[in-house]
Amino acid sequence: MQKSEQHYPELNQRAVGWLNFLYQKSTTPDDWTEDGDPHEWWDRSSTPPMCSFPRFDLQESTYALGLMVDRTPAWREVYAEILDEIAERSITYWAAVDWLSQFGHDPDRKNYPEEWKGTLIPEEFWGHYDAPGWTANGVAPWGLQSDPIGADGNLFFKGWLNLTQALHTYVSGKDKWASSFDLAGVNRTRFEWTQHQLVDHLHETWTKTPMGPHCENTKAWPFCLSAAGLGLKMYDNVFDKSAHSAYKSWLDFTKDKYYGFDKKGTLQWVTMYYDALKNHHHKIPPAHALAIAFYAKPQAPEFAELLYREGVRFLKWDDPNEPISGQIGLADRMLALGLSISKEFDDQVTYERLRKFAEENFEPRYFGLNDSQFGFWFNLGENWPRGQLSALAMCAEVCDGGAWEKLFNQPNLTKYYSPTIHGIDFPAVGVRQAWHDDNEGLLVFQIEDGDRTKTNKKTKVSVSNIPDTNQIEVFCDGKPFNDYSVDSSGQVVLNTEVANHLFHIRTGYVLSEEQKKQMNKGIQYNANQPSVEMKKGEETTTRLLITRSVPSLCGCC
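Residues in the sequence shown are numbered from 204 upward in steps of one, following the working numbering.
Derived from the structure by calculation, the hints contain no laboratory data.
Take these hints with a grain of salt, some might be off.
Stated by the list, open to error - DSS-like cross-link-like pairs, simulated, lysine-lysine; straight-line CA separation at most 27 angstroms: (1) 609 <-> 444; (2) 609 <-> 724; (3) 481 <-> 320; (4) 720 <-> 377; (5) 460 <-> 519; (6) 486 <-> 458; (7) 444 <-> 466; (8) 451 <-> 609; (9) 481 <-> 519.
Take the sequences, apply the hints, and build the full model.
Listed below in structure tokens is the structure:
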């Protein structure tokens with residue numbers, strides 16, 4: 204073949220192991236209803252009191268998946284299945300358990316730990332103020348609001364829910380959330396929503412609140428609002444909408460309010476949260492700008508880099524003469540974020556220092572069946588990798604410089620039409636690489652012996668979206684390969700074994716730059732036309748309804 208597999212991105216062994224664990228974690232049934240309890244591997248312990256809810260594990264587990272699909276766009280089925288399971292859990296009781304169970308003011312607020320005074324809670328309000336993380340559903344002036352989406356507050360729930368649903372649509376190519384779903388509410392109520400209604404509601408409430416809608420009642424968080432903006436950006440990408448304008452207006456309005464710079468332009472403080480009722484900015488050190496920078500990078504890259512550089516400067520992470528310290532407050536979370544975001548900004552000095560620290564302190568470990576899974580255990584002595592923190596740190600394993608920004612600004616929407624592999628017997632069979640070069644008409648993919656339970660046993664790989672199956676050329680490990688057939692639906696079925704193999708297929712599928720440009724414009728959703736179920740062999744797929752005009756694609760679509 205003219206091009207080696209090294210020309211295209213691939214997953215490293217840690218990423219394959221993390222994917223294996225996420226697959227087990229998400230596809231193993233557990234009960235997130237009012238009568239159930241999530242499995243212990245869903246992290247509800249990290250970063251109390253703000254993030255110690257299993258919802259944050261759901262949300263943060265999606266980031267690496269978005270990055271992975273851009274590394275292997277010709278194989279997406281497992282990512283889509285995991286994201287579907289995550290999105291389904293994201294509308295349950297346990298996903299919104301704080302809003303659905305924390306009513307009125309926290310009865311324990313006079314007994315908060317002393318170390319929260321000044322750090323999490325204003326000293327002047329000590330003993331009479333709810334801690335971050337306490338949603339206070341029911342307090343004046345809003346009263347009890349049973350709907351977690353329809354509420355004035357709860358921004359962090361609805362913002363991340365939209366991001367999760369948008370990423371699922373981007374990865375799967377299925378607009379599942381355009382159909383109504385039932386959302387768990389207070390006292391076992393249920394509320395019917397679609398993602399499009401959710402976005403309309405989010406955009407409307409945001410544009411009416413220049414400082415940004417609040418999360419817990421009274422508190423608006425730049426951190427959470429930045430994540431919500433990212434969800435709007437991906438939503439706009441896949442549906443060709445303009446909801447992200449709410450984030451842009453908010454950022455322009457709050458840049459000089461949520462951040463404090465001295466006359467030299469040095470960042471002095473960041474607003475952790477803003478209480479509109481008390482007109483109070485809870486100011487914290489510049490280190491916490493890193494968390495906002497991660498979400499802001501794809502939306503406002505120059506401002507995000509300013510926040511990132513100031514956070515790194517404050518922590519002296521880029522100074523070889525200063526040791527990396529875990530004593531920064533919210534330490535593990537900030538360090539895990541720092542590891543991944545330094546990779547995103549291609550800050551090699553900081554990244555290498557944090558990587559060395561992570562290798563020595565994050566307890567990276569293979570585990571599970573034949574050591575086929577991977578995660579970070581953080582020396583906590585727990586039964587499973589710490590979910591939220593591992594999810595954040597894993598982004599560094601699947602992110603090249605600028606990849607996070609590219610995911611939201613140059614989304615690959617042509618992947619739905621390009622030749623794609625599927626029907627992989629995962630996790631017995633692992634996939635390290637899967638890329639269709641639309642310029643060359645070349646499909647390259649690597650499979651491997653995944654969890655080593657079916658070594659050398661027969662397996663099949665299906666390939667769809669081939670324009671003319673009579674014209675393909677197939678190579679396995681550099682040699683011509685003829686052990687394949689074409690099924691009744693026109694898919695090529697390769698007969699191989701569970702082992703490490705590299706396949707190259709000349710597919711005949713080539714796109715011009717103009718065709719790519721047209722196909723990447725996004726899906727124009729038509730509310731009067733539901734998605735159409737179409738039978739394709741033994742697999743049922745839901746195809747997106749695309750109302751734009753797409754140039755001829757060699758008859759393959």
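> Okay, which hints does this one fail, numbers in order?
Replying inline: 7 and 9
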